[in-house]
Amino acid sequence: MNYRVIIEKGEDFGFVAHCPAIPGCHSQGETLEDAITNIRDAITGCLSVLDEKPMERRKESLVVEVEV
Numbered sequence: 002m003n004y005r006v007i008i009e010k011g012e013d014f015g016f017v018a019h020c021p022a023i024p025g026c027h028s029q030g031e032t033l034e035d036a037i038t039n040i041r042d043a044i045t046g047c048l049s050v051l052d053e054k055p056m057e058r059r060k061e062s063l064v065v066e067v068e069v
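One gets the numbering used here by counting positions in the sequence shown from 1 and adding 1 to each.
Honestly, the hints are just simulated from the structure, not real lab data. Keep in mind that a hint or two might mislead.
Calculated lysine to any residue pairs in the SDA-like style (CA-CA distance at most 25 Å, straight line) [what the hints assert, rightly or not]: (1) Lys10 to Cys20; (2) Lys10 to Gly30; (3) Lys10 to Arg41; (4) Lys10 to Thr45; (5) Lys10 to Glu34; (6) Lys10 to Thr38; (7) Lys10 to Pro21.
Please take these sequences and the hints and turn them into a complete structure.
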């Protein structure tokens, strides 16, 4: 599966990477290649935690999957 990742030059250090599709999924690296490798690992880790954690339901909300 592919995820869109935003990579920005860090203010103090290397590169910072964010995966907007997964809230809280961020990483960084000294080089662009390091940042890409690290965000790939972060995405894998976040997805494994999400698979283990039960979904929190809010009042009158549904969780559905939509194919695009």
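Each hint tested on the structure:
1. Lys10 to Cys20: holds (15 Å)
2. Lys10 to Gly30: holds (10 Å)
3. Lys10 to Arg41: It holds: about 17 Å lies between the C-alpha atoms, which stays within 25 Å.
4. Lys10 to Thr45: holds (23 Å)
5. Lys10 to Glu34: Measuring from Cα to Cα gives roughly 12 Å; hence the hint holds.
6. Lys10 to Thr38: holds (16 Å)
7. Lys10 to Pro21: holds (17 Å)
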